[in-house]
Amino acid sequence: MSAVYILWLREMRRYLRSRSQIVASLGQPVLYLVALGFGLGPVFRKAGMGSYLQFVAPGVISMTVLFTSVFSGIGLLWDRQFGFLKETLVAPVPRVQIMLGRMLGNATVAMIQGLLVAVVCFVAGFRIHDFARAPLALLFMALIACLFSALGTAIGSALQDMQGFQLVMNFLVMPIFFLSGALYPLDNLPKLFAAATMADPLSYGVDGMRTMLLGISHFGAALDVAVLAGVGLVLLGVGSYLFSKIQI
Amino acid sequence: MIRVENLVKKFGAVTAVDHISFTVERGEIFAFLGPNGAGKTTTIKMLTTLLTPDSGTLEVDGLDPRVRAHEVRKRFGIVFQDPSLDSELTAQENMELHGVFFHVPRKLRIARTTELLRIFDLWERRGQRVKFFSGGMKRRLEIARALLHTPKILFLDEPTLGLDPQTRNQMWTQVKSLNQEEQVTVFLTTHYMEEAERVAQRLAIIDHGKIVAQGSPQELKQQTSTASLEDAFLALTGTQIRDESANAGADVMRQVAQMWSRRR
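Going down the list, the sequences are from chains V and L.
Just add 312 to wherever you are in the first sequence, counting from 1, and you've got our numbering.
Just add 15 to wherever you are in the second sequence, counting from 1, and you've got our numbering.
Be aware that a few hints might be false.
Claimed, not checked - Residues from chain L that face chain V, not an exhaustive set, calculated with beta carbons under 7 angstroms:
#1 T63
#2 H85
#3 L112
What the hints assert, rightly or not - Taking lysine-lysine and the DSBU-like style, the derived pairs with C-alpha atoms no more than 35 angstroms apart in a straight line are:
#4 K167(L) x K89(L)
#5 K225(L) x K236(L)
#6 K146(L) x K167(L)
#7 K25(L) x K167(L)
#8 K225(L) x K191(L)
#9 K557(V) x K146(L)
#10 K191(L) x K146(L)
#11 K146(L) x K89(L)
#12 K153(L) x K191(L)
#13 K225(L) x K153(L)
#14 K557(V) x K25(L)
#15 K557(V) x K225(L)
#16 K167(L) x K557(V)
#17 K153(L) x K557(V)
#18 K557(V) x K89(L)
#19 K191(L) x K167(L)
#20 K89(L) x K122(L)
#21 K122(L) x K167(L)
What the hints assert, rightly or not - Label pairs and their computed distance ranges (CB to CB):
#22 T30(L) x A336(V): 45 to 55 angstroms
#23 I560(V) x G253(L): 23 to 33 angstroms
#24 K25(L) x S314(V): 30 to 40 angstroms
#25 T30(L) x G549(V): 32 to 42 angstroms
#26 S36(L) x S556(V): 28 to 38 angstroms
#27 D69(L) x A347(V): 52 to 62 angstroms
#28 L123(L) x L328(V): 22 to 32 angstroms
#29 E130(L) x A541(V): 45 to 55 angstroms
#30 Q198(L) x L328(V): 35 to 45 angstroms
These are calculated hints, taken from the structure and not from any lab test.
Where a beta carbon is used, it is the ideal one built from N, C-alpha and C, also for glycine.
Excised from the complex, chain L in its bound form (with noise of 0.2 angstroms):
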């Protein structure tokens, strides 16, 4: 479904992603695992069609998101680290914003709406704006969002950061039953091992950009001879810490925005 070889990218001096090379099978739900900075989120991004690569080559569903960006668009969903919603709407009018970006037919997009927000125990909910709702509701707006075109394939980056492990476990259930029922393909990042090792069948360690490990959860585990997934993480991540790149711009103009909002 995926296929991924050497692929780089480079921002000025730093190579965010360095000869990376991975498939992901029709079906499977794959993680993709790294501490702050290893260049995960680039390499979604590059998956779909957000930024362009290097070099090397990548293929979703058998097309290149280079060339045939906007057919690729069409088989993914995503729900990006960041929010993406817009929270001026209500939770049924960015669905139906979606909706009308994907292409999906009127009738089948309100049966679906109703069906995902009901799945995501959203419904209730659905009539009020979005800057309402708590962390946890908002993550799983944008889930159902993503799936609302019944995407071939779904990627996920770091979904569950700052939930609760109540709603943790809720998405992760809800996920696991969606892979099931229809077949969607799940491309994952996460720091919780624990989470990786529930969900995915098969998973890859990336760090400064390469890929240091990859296969199932167990072929980790026995790789590196250590007893848990964490363990087997930091035997080939090292322990030193990584600090998250600075965003300073962008913290100044949350907060100029913020005011501006308070001032309407």
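Chain V on its own, in the form it takes in the complex (with noise of 0.2 angstroms):
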């Protein structure tokens, strides 16, 4: 389990290391908090729904945590590229175990990354509705760091340079993203849109975290944690299939 560790640590001294990096990639979040957070906010307001900065900044969390997660998933490409992906490859060390130290150094990258965001948003006027909750919206967010770093860990293994990136983003993680409620409530939608919502794993993470930090819920907290739990440990499977099957 020593080589588990070891690649943790590795992935938390890139992180550490990369600081302009972490503070760039908080600007889309950021983005996205202030401009549909105070832009949205009177129309959201007047359709009696509440403040929106409060409804969005659990989305806005999720999405940092999706996006760092899938993208240090993706990080293997670079590896592969760099030529230490081989360095790993020729340890007597079985691949699964490879495979869960990065995992669970990019999980922990983005559970990082999506609490700067949470400072952010409390800085920005964001208001807990109950902190004896809270602690569990941090299981919530790792449940989501977990189940898409095994998603990016399964596409990092599956690609074979950096062609088909943009096809990923485009056509992957954009979509989990917009159909995930992170922006928008999931009540009263056209019935096959909403059914597009249900089958998004992140609608579960986000409607989690909106139940631990303002106290409202659609699907309910253990429903959302059988999904993310399930869907997580199925993306696990397929990830270590397919990180198993590399060939240099």
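Please assemble the complex out of the two chains, which come individually in their own frames, going by the hints.
Listed below in structure tokens is the structure:
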């Protein structure tokens, strides 16, 4: 298991050394929070839904975790290109452990980024509904981070080079974000669209976050946990299978 | 130490390695020579469990890499043709990672890291990130790293490509002395004939996936009645120029990645 730890530590070291990247990657969520939070605020309030900033903050935190974990999972491609992957593949360590170490590292990085955005949300005026339940929001963040790190690793193992990256962005990651209800309530949607949102695992993550931070729930926390854990385990299986098949 | 018989590897219609057979004795320095695209790297990848051969038998220290991959991996160290360091980590951290991967006990790992970094003249720079290293320093670090877990076999895939004569000379001196002191079997590939002649006790010349000759440098020169190994090589493989296999995809990605890292 020490291999898992050292790979986790590697991800941490790399993350902490890229300070400018940490700041840069906060730009997008902050933009969403400010532009949408304040821009759509008046309309949202007029519709009788309360503060949009309150509503969108858990969604923006979830978005940060989603993007960070998928991207760092795909970081596997960089390791393939710059050769470090070979070093890990000739080591006498089961590939599952190599994948787990990377994945846990990626998930931790995504959690930290999510927490940084949470701090920004507080500064912007976001307030938690019930502090006793806040730790449970962390649990949901962790579930989102693990699920999408596994997805990123699976994609990173399957792709050979950067050509497919844009494809994955436009046809997978962005839809996952936009269909998740991070930006709008999932109530009273057209049927087909509602079905699409229900098929998106991030919907359950965002819902779980909102349940714990705001006390409003769409699916119910039990279903949220069940779906996230279930899909997460499936993706973990797929990811380790694809990772074990990598030939260089 | 290494035994290969009738080894075959095909990539689609191309036969990269075509029924090759050779053996490498314990403690020997064995060189694999060949033009670009001859099948040298593919052979190394099969011996080091990175690729699965299509047919033939191969043995590394008496074990089949296909079946006992895990055991085989413990026995060798490898320096790849392309860099394989984590450039965001320091020299010492790269060594640490490798030591943990290869289950080297902590105390021994620290002692051996110190010793190897001193031997390869990197001790002063141990705390610096690898991305600030020169090509030669990276190479030396990769060799030091490959030796950290005291492997029985050291694979060196064109280790001196792009290095200046000083660094090359120093590197081979160190590899030779390690071969003598620690009895490491060395399997290397190179295009530099004078290097192969100086370092290797035996060599094999491979072309179009087939071994065209093997023996000591002396024997090869006698066989082809040529004065130098370079001439023997040309006599055996012809003078036609081989194209490096086009790797456009990788180039594009390297560029994208560079842009990315500049943005950070």
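Evaluated hints:
This hint holds: T63(L) has a C-beta 6 angstroms from the nearest C-beta of chain V, less than the 7 angstroms allowed. Interface hint status for H85(L): upheld, as the beta-carbon distance to the closest one in chain V is roughly 5 angstroms, under 7 angstroms. About 6 angstroms separates the beta-carbon of L112(L) from the nearest beta-carbon of chain V, less than 7 angstroms, and the hint is met. Of the supplied pair hints, the one linking K167(L) and K89(L) holds, its CA atoms being roughly 9 angstroms apart against a limit of 35 angstroms.
Proposed proximity of K225(L) and K236(L) is supported: the alpha carbons are some 19 angstroms apart, at most 35 angstroms. Distance restraint check for K146(L) and K167(L): the Cα-Cα separation of roughly 30 angstroms lies within the 35 angstroms cut-off, and the hinted pair is therefore satisfied. For the given pair, K25(L) sits about 29 angstroms from K167(L) by alpha-carbon distance, which is consistent with the 35 angstroms threshold. Annotation: proposed proximity of K225(L) to K191(L) holds, straight-line Cα distance about 28 angstroms (limit 35 angstroms).
The suggested pairing of K557(V) with K146(L) holds, with an alpha-carbon distance near 30 angstroms, which does not exceed 35 angstroms. With a CA separation close to 28 angstroms, the supplied pair K191(L) and K146(L) stays within the 35 angstroms bound. For a cut-off of 35 angstroms, the pair hint linking K146(L) to K89(L) stands: about 28 angstroms separates their Cα positions. With a CA separation close to 19 angstroms, the supplied pair K153(L) and K191(L) stays within the 35 angstroms bound.
Only pairs whose Cα atoms come within 35 angstroms are accepted, and K225(L) paired with K153(L) is accepted, the gap being roughly 32 angstroms. Among the hinted pairs, K557(V) with K25(L) is consistent with the structure: their alpha-carbon atoms are about 18 angstroms apart, no more than 35 angstroms. In summary, the hint linking K557(V) to K225(L) is supported, as the alpha carbons are separated by about 28 angstroms, within the 35 angstroms threshold. Annotation: proposed proximity of K167(L) to K557(V) holds, straight-line Cα distance about 27 angstroms (limit 35 angstroms).
With a CA separation close to 29 angstroms, the supplied pair K153(L) and K557(V) stays within the 35 angstroms bound. Restraint check for K557(V) and K89(L): the C-alpha separation of about 20 angstroms stays at or below 35 angstroms, so the hint holds. At most 35 angstroms may separate the alpha-carbon atoms for a hinted pair to count; K191(L) and K167(L) meet this at roughly 14 angstroms. Simply put, K89(L) and K122(L) have alpha-carbon atoms about 19 angstroms apart, close enough for the 35 angstroms limit, and the pair holds.
Under the criterion of a C-alpha separation no larger than 35 angstroms, the hint pairing K122(L) with K167(L) is consistent with the structure, at around 21 angstroms. Distance hint for T30(L) and A336(V): a CB-CB separation of about 48 angstroms, consistent with the stated range 45 to 55 angstroms. Judged by the Cβ atoms, the range 23 to 33 angstroms given for I560(V) and G253(L) holds: they are separated by roughly 30 angstroms. With their beta carbons about 38 angstroms apart, K25(L) and S314(V) fall inside the hinted range of 30 to 40 angstroms.
One distance hint, 32 to 42 angstroms for the beta-carbon pair T30(L) and G549(V), holds here, with the actual separation near 36 angstroms. Between S36(L) and S556(V) the Cβ separation comes to about 30 angstroms, which falls inside the hinted range of 28 to 38 angstroms. The given range of 52 to 62 angstroms is respected by D69(L) and A347(V), whose C-beta atoms sit roughly 57 angstroms from each other. Under the hint 22 to 32 angstroms, the C-beta atoms of L123(L) and L328(V), about 28 angstroms apart, fit the expected range.
Our hint of 45 to 55 angstroms for E130(L) and A541(V) holds, since their Cβ atoms are close to 48 angstroms apart. The hint said 35 to 45 angstroms for the Cβ distance between Q198(L) and L328(V), and at roughly 41 angstroms that hint holds.
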